[in-house]
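**Student:** Take 1 as the starting number for the sequence shown in the working numbering and just add one per residue.
Treat the hints with care, as some may be off.
Between beta-carbon pairs, the in silico distance windows are [unchecked claim]:
#1 R97 - G64: 26 to 32 Å
#2 K2 - V42: 16 to 22 Å
#3 E139 - R77: 20 to 26 Å
#4 P31 - A117: 24 to 30 Å
#5 A121 - F100: 37 to 43 Å
No wet-lab data here; the hints were simulated from the structure. Computed from a prediction, not measured in an experiment: that's the story for all the values here. For each residue, glycine too, the CB sits at the ideal point set by N, CA and C.
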Amino acid sequence: MKIVALALGTSLRGDDAAGLAVAHGLEALVPGLEVVEIPELVPDHAEVVASADGVLFLDASVAGTPGEVCATRLSPRPARAAVIHTLMPEEVLGLARALFGRVPPAALVTVAGRDFAFGDALSPEVEAALPLARERAREMVAGFRL
Numbered sequence: 001m002k003i004v005a006l007a008l009g010t011s012l013r014g015d016d017a018a019g020l021a022v023a024h025g026l027e028a029l030v031p032g033l034e035v036v037e038i039p040e041l042v043p044d045h046a047e048v049v050a051s052a053d054g055v056l057f058l059d060a061s062v063a064g065t066p067g068e069v070c071a072t073r074l075s076p077r078p079a080r081a082a083v084i085h086t087l088m089p090e091e092v093l094g095l096a097r098a099l100f101g102r103v104p105p106a107a108l109v110t111v112a113g114r115d116f117a118f119g120d121a122l123s124p125e126v127e128a129a130l131p132l133a134r135e136r137a138r139e140m141v142a143g144f145r146l
């Protein structure tokens with residue numbers, strides 16, 4: 001089973017690296033996980049999604065209490081026609097269906113950040129939330145296999 005984790009963010013904007021940090025420790029919990037680190041979602045990622053048996057989107061969030069972890073199943077939705085960069089995960093799933101006729105099970109795991117200023121360190125709240133975020137991601141992958 002091919003599981004792909006699309007880890008979103010940049011290591012140069014503090015807590016924006018939360019998705020990348022979740023992915024780095026997740027490989028030990030999900031054998032065979034393929035991690036793709038990207039700054040943002042674009043239409044080209046629909047092909048990556050369509051080729052997988054399950055997809056995790058890992059990202060930081062500006063909503064919520066810093067360190068709060070959210071994990072949700074995703075459903076595809078049509079991409080906004082005027083947008084060619086920075087899609088939402090559900091829109092990438094919609095493009096995978098429209099362009100390749102296939103949508104694997106997918107989930108989004110986010111960690112709410114506190115500090116998105118330029119810098120290479122995670123806030124203490126995000127750092128403390130990483131084990132829980134990885135566990136939620138592992139649980140979502142286990143659900144893909146049912």
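**Student:** Against each hint, give a clear statement of whether it holds in the structure.
**Tutor:** Structure-based check of each hint:
no.	hint	in the structure
1	R97 - G64: 26 to 32 Å	holds, 29 Å
2	K2 - V42: 16 to 22 Å	holds, 21 Å
3	E139 - R77: 20 to 26 Å	holds, 24 Å
4	P31 - A117: 24 to 30 Å	violated, 36 Å
5	A121 - F100: 37 to 43 Å	holds, 39 Å
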